[in-house]
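Protein chains in written order, with our numbering: chain A, 1 to 403; chain H, 1 to 403.
What the hints contain is simulated information worked out from the structure, not anything from laboratory work.
All C-beta atoms in this analysis are idealised placements derived from N, C-alpha and C, irrespective of residue type, glycine included.
There may be inaccurate statements among the hints.
[Unchecked claim] To spell it out: a stretch of chain A is covered by chain H in this simulated footprint if at least three of its residues, at any positions, have a beta carbon under 8 Å from a beta carbon of chain H; those stretches are:
| id | stretch |
| --- | --- |
| 1 | 107 to 117 |
| 2 | 200 to 214 |
[What the hints assert, rightly or not] What follows is a list of derived Cβ distance ranges for each label pair:
| id | chain 1 | residue 1 | chain 2 | residue 2 | range |
| --- | --- | --- | --- | --- | --- |
| 3 | H | Asn-389 | A | Glu-55 | 29 to 37 Å |
| 4 | H | Asn-181 | A | Ala-91 | 36 to 44 Å |
| 5 | H | Pro-48 | A | Gly-227 | 37 to 45 Å |
| 6 | H | Asn-47 | A | Asn-389 | 34 to 42 Å |
| 7 | H | Ala-49 | A | Gln-255 | 28 to 36 Å |
| 8 | H | Asp-193 | A | Trp-228 | 52 to 60 Å |
| 9 | A | His-8 | H | Pro-70 | 32 to 40 Å |
| 10 | H | Leu-51 | A | Gln-94 | 35 to 43 Å |
| 11 | A | Ala-91 | H | Thr-129 | 45 to 53 Å |
| 12 | A | Gln-94 | H | Glu-55 | 21 to 29 Å |
| 13 | A | Trp-228 | H | Thr-129 | 51 to 59 Å |
| 14 | H | Asn-47 | A | Met-50 | 21 to 29 Å |
[What the hints assert, rightly or not] Over 10 Å on every C-beta distance to chain A, these chain H residues come out as not near it, computed from the model:
| id | residue |
| --- | --- |
| 15 | Ala-45 |
| 16 | Thr-108 |
| 17 | Ala-150 |
| 18 | Tyr-178 |
| 19 | Asp-232 |
| 20 | Glu-253 |
| 21 | Thr-364 |
2 protein chains.
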Amino acid sequence: MKHSYVSHLFCPKCDTRYTIEDKHQLCTCGSPLLVAYDMESLAGALNPAMLRDREPSLWRYRELLPVLHPEHVVTLGEGLTPLLPMPNIGADMQIPGLLMKDEGLLPTGSFKARGAAVGISKAKELGVTELAMPTNGNAGAAWALYAARAKMKSTVIMPIDAPLITRNECAISGSNLYLVNGLISDAGRIVADLVQSYGLYDASTLKEPYRIEGKKTMGLEIAEQLGWKLPDVILYPTGGGVGLIGIYKALKELQTLGWVQGKLPRLVAVQAEGCAPIVKAWDNQEKESQFWTASKTVAFGINVPKALGDFLVLEAVYATGGCAVSISDEELLQEQQRVAELEGAFVCPEGAATFAAARKLKQTGWIGENECVIALNTGAGIKYPDTVNVQVPVLQPGEWITR
Amino acid sequence: MKHSYVSHLFCPKCDTRYTIEDKHQLCTCGSPLLVAYDMESLAGALNPAMLRDREPSLWRYRELLPVLHPEHVVTLGEGLTPLLPMPNIGADMQIPGLLMKDEGLLPTGSFKARGAAVGISKAKELGVTELAMPTNGNAGAAWALYAARAKMKSTVIMPIDAPLITRNECAISGSNLYLVNGLISDAGRIVADLVQSYGLYDASTLKEPYRIEGKKTMGLEIAEQLGWKLPDVILYPTGGGVGLIGIYKALKELQTLGWVQGKLPRLVAVQAEGCAPIVKAWDNQEKESQFWTASKTVAFGINVPKALGDFLVLEAVYATGGCAVSISDEELLQEQQRVAELEGAFVCPEGAATFAAARKLKQTGWIGENECVIALNTGAGIKYPDTVNVQVPVLQPGEWITR
Chain A
1 MKHSYVSHLF
11 CPKCDTRYTI
21 EDKHQLCTCG
31 SPLLVAYDME
41 SLAGALNPAM
51 LRDREPSLWR
61 YRELLPVLHP
71 EHVVTLGEGL
81 TPLLPMPNIG
91 ADMQIPGLLM
101 KDEGLLPTGS
111 FKARGAAVGI
121 SKAKELGVTE
131 LAMPTNGNAG
141 AAWALYAARA
151 KMKSTVIMPI
161 DAPLITRNEC
171 AISGSNLYLV
181 NGLISDAGRI
191 VADLVQSYGL
201 YDASTLKEPY
211 RIEGKKTMGL
221 EIAEQLGWKL
231 PDVILYPTGG
241 GVGLIGIYKA
251 LKELQTLGWV
261 QGKLPRLVAV
271 QAEGCAPIVK
281 AWDNQEKESQ
291 FWTASKTVAF
301 GINVPKALGD
311 FLVLEAVYAT
321 GGCAVSISDE
331 ELLQEQQRVA
341 ELEGAFVCPE
351 GAATFAAARK
361 LKQTGWIGEN
371 ECVIALNTGA
381 GIKYPDTVNV
391 QVPVLQPGEW
401 ITR
Chain H
1 MKHSYVSHLF
11 CPKCDTRYTI
21 EDKHQLCTCG
31 SPLLVAYDME
41 SLAGALNPAM
51 LRDREPSLWR
61 YRELLPVLHP
71 EHVVTLGEGL
81 TPLLPMPNIG
91 ADMQIPGLLM
101 KDEGLLPTGS
111 FKARGAAVGI
121 SKAKELGVTE
131 LAMPTNGNAG
141 AAWALYAARA
151 KMKSTVIMPI
161 DAPLITRNEC
171 AISGSNLYLV
181 NGLISDAGRI
191 VADLVQSYGL
201 YDASTLKEPY
211 RIEGKKTMGL
221 EIAEQLGWKL
231 PDVILYPTGG
241 GVGLIGIYKA
251 LKELQTLGWV
261 QGKLPRLVAV
271 QAEGCAPIVK
281 AWDNQEKESQ
291 FWTASKTVAF
301 GINVPKALGD
311 FLVLEAVYAT
321 GGCAVSISDE
331 ELLQEQQRVA
341 ELEGAFVCPE
351 GAATFAAARK
361 LKQTGWIGEN
371 ECVIALNTGA
381 GIKYPDTVNV
391 QVPVLQPGEW
401 ITR
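For reference, chain A alone in the conformation it holds in the complex:
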């Protein structure tokens, strides 16, 4: 049996095809490229039961991943994160079927590890020795660390306001780290120049086609963890939107294989009120978003003023009958605390936004009674210490507590 059934790359805008054996970034038309598989052969060769006793990592889906040879796999054990019932907060927002996919339990503490694991593995297979990328923090940390494991050099540029801990992760990996006194879009321009001037591999979001494949494993896992049944709704905190694009791609691939039946879940793009270009586009039923000026939110990972894959995000939302919702910083911080108090889960602010969105959509009736709803927590709350307000009494040794 083949390790991977990957066949080629294609452009979702102009349909141009590219080979899988060579290094490609964007399509000549400027669009991101997507990865295609030989689904017909795969459908005959693999079935769900064969996955059952495979290793508990995203590499259990190797036939649907783009790495041709197992020796190129670069792994830190990522994947098969818990899909947890959330009965207490579910009751609080009257969604008894609320589940959380907890991506905090990944190397580097965020879902970015999925894209980095597959992206770096494929880059290694393609002979890449040095890469550059802009980041809002977590992606850069993940790519820098996986690059180190692959013995690859990296240059990472992040906004000065990105979570402090992600600086440490990049620095300790030996990455060339720079801060920029601006946004991820400013970092992106510097990377574009660096890539052009020095011929580096551009690992910017969607400028290499493989991180989507890593992210799509969230969709594969959700389906497998639900016994190949699909939920009604999946809420995803949307910055660059790669995870949502990936989940949609995964679910369609599972449909093609015949492993899932019926309607796809409604995909919900959750954004912050301070940076909501996808929500604005969805409100106007447009196919692409506009650059969001002066964007600002505590949910730093979704502070992306204009995503390269916005049209793919919107397509996934429209095609599944989903929607796009924005949440204020105040709402999401309140929800972060509720999730911790009621469920013992310390989610990241971006993840908290999906819970706030679920609450809102239940109130408006968009989420119905007894629907199965998945909130995607994209990272560990421990990466964002500043979102928690702590006032603690200090005792001296020998002092007692009375109450």
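Add chain H to chain A, keeping to what the hints say.
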């Protein structure tokens, strides 16, 4: 088939037995209690093949855990963390068979989640509604969050120097958090008073018998992940030592079941030079340790001047032909950086100490050629931002990088 084959509690010092249905803390003789199982019935009822397609969490070993009824299980999806080959740093220290068990990939970012998951589940089964505990940070964070999930009240007391992020975790869970201007031993005295005055459940290390059972799943997982073969050496960063006691207990249980054969791995207690009571006791071949005055180390989790279970730790080390080693803060911080640069793994300082210990023991010849050696990383490096020195150039938007 029964959910658990737990039978009773017993005292490893005076052999007194206690029932499993009632709340017990220490033995009347002052020793911690251990959990016993009906191994004869279990050996007839369960075999390794039956585990293969169970859920990827520590609850796959439910028969060897103390929770009688599945409805009392409190879980955030903990367990089955990766056992990763470390070929690059392994080559660097001439231990080609070096592996890392990465406990950073657990809820709350540390191995304390294992003890908390099982401890809180059993406390729930016993009807506990409120607990108190001292902590060096990570255990308190884990117990506070799992207590929240179980709808249990908690009071946590930690040294003022404990990792800052663990304050946030306790605070956001709704725990009653106090800092003490001293060490964990000072916090312990305050908790002891609180427990006595108000009748709270004492969740201090080894004062409840069940966290060992959670921690022992590290040993069960290592054996299963190696295909029921045992490694030659396991290095464990030792503060309270519960993990080492647990791993030893697990391996002996697997021997009793006949699931593993041959010699047990040599267990190595790794401590910091600034707090090495177990190392000192081992050097003098003593059965118990002495209180280590003025203890100090950056590896805060192993700053435990006198562990209640020291005699059990030393017994495990002696019985397996292991040893005890101390590492300077400088050595462990250097090793932390090497592990990140060579393997892309950002380990915690305590975990880094085990790598430094492996290097040292290979140099002295204590670790032989081609031995299979496991370094246990007890938590995610992201919980300890201060251990990384970051100097980063700052760019302005529109500025370019030249090189």
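Taking the hints in turn, this is what the structure says about them:
Judged by the Cβ-Cβ criterion of 8 Å, the stretch 107 to 117 of chain A is covered by chain H as claimed, because 3 of its residues qualify and three suffice. Under a criterion of three residues with beta carbons nearer than 8 Å to beta carbons of chain H, the stated coverage of the stretch 200 to 214 of chain A fails, only 0 such residues being counted. Between Asn-389 of chain H and Glu-55 of chain A the beta carbon distance is about 36 Å. The supplied range of 29 to 37 Å therefore holds. A hinted range of 36 to 44 Å holds for the C-beta pair Asn-181 of chain H and Ala-91 of chain A, which are about 40 Å apart.
Between Pro-48 of chain H and Gly-227 of chain A the C-beta distance comes to about 24 Å, which lies outside the given range of 37 to 45 Å. Distance hint for Asn-47 of chain H and Asn-389 of chain A: a CB-CB separation of about 51 Å, inconsistent with the stated range 34 to 42 Å. At roughly 33 Å, the beta-carbon separation of Ala-49 of chain H and Gln-255 of chain A lies within the given 28 to 36 Å, and the hint holds. Asp-193 of chain H and Trp-228 of chain A have their C-beta atoms about 55 Å apart, which keeps the hinted 52 to 60 Å range intact.
Taken as a hint, the range 32 to 40 Å is violated for the pair His-8 of chain A and Pro-70 of chain H, whose Cβ atoms sit roughly 48 Å apart. Taking 35 to 43 Å as the suggested C-beta distance range, the pair Leu-51 of chain H and Gln-94 of chain A conforms, at roughly 38 Å. For the pair Ala-91 of chain A and Thr-129 of chain H, the beta carbons lie near 19 Å from each other, so the given range of 45 to 53 Å is not met. Checked against the given bound of 21 to 29 Å, the beta carbons of Gln-94 of chain A and Glu-55 of chain H, roughly 28 Å apart, stay inside it.
Separated by about 40 Å at the C-beta atoms, Trp-228 of chain A and Thr-129 of chain H break the suggested range of 51 to 59 Å. Judged by the Cβ atoms, the range 21 to 29 Å given for Asn-47 of chain H and Met-50 of chain A holds: they are separated by roughly 22 Å. The non-interface label for Ala-45 of chain H is consistent with chain A: the shortest C-beta to C-beta separation is roughly 20 Å, beyond 10 Å. Listed as a non-interface residue, Thr-108 of chain H fails to keep its Cβ farther than 10 Å from every Cβ of chain A; the least gap is roughly 7 Å.
With a least beta-carbon separation of about 8 Å from chain A, Ala-150 of chain H fails to lie farther than 10 Å from that chain, contradicting its non-interface assignment. With 10 Å as the threshold on Cβ separation, the claim that Tyr-178 of chain H sits away from chain A is violated: the shortest Cβ distance comes to roughly 5 Å. Chain A leaves Asp-232 of chain H outside its interface by the beta-carbon criterion, the shortest separation being 22 Å against a cut-off of 10 Å. Remark: the non-interface label on Glu-253 of chain H is consistent with the geometry, its nearest Cβ contact in chain A lying 23 Å away (cut-off 10 Å).
Residue-level check passed: Thr-364 of chain H sits 28 Å from the nearest beta carbon of chain A, beyond 10 Å.
Taken one by one, the earlier hints fail for this structure at numbers 2, 5, 6, 9, 11, 13, 16, 17 and 18, listed in ascending order.
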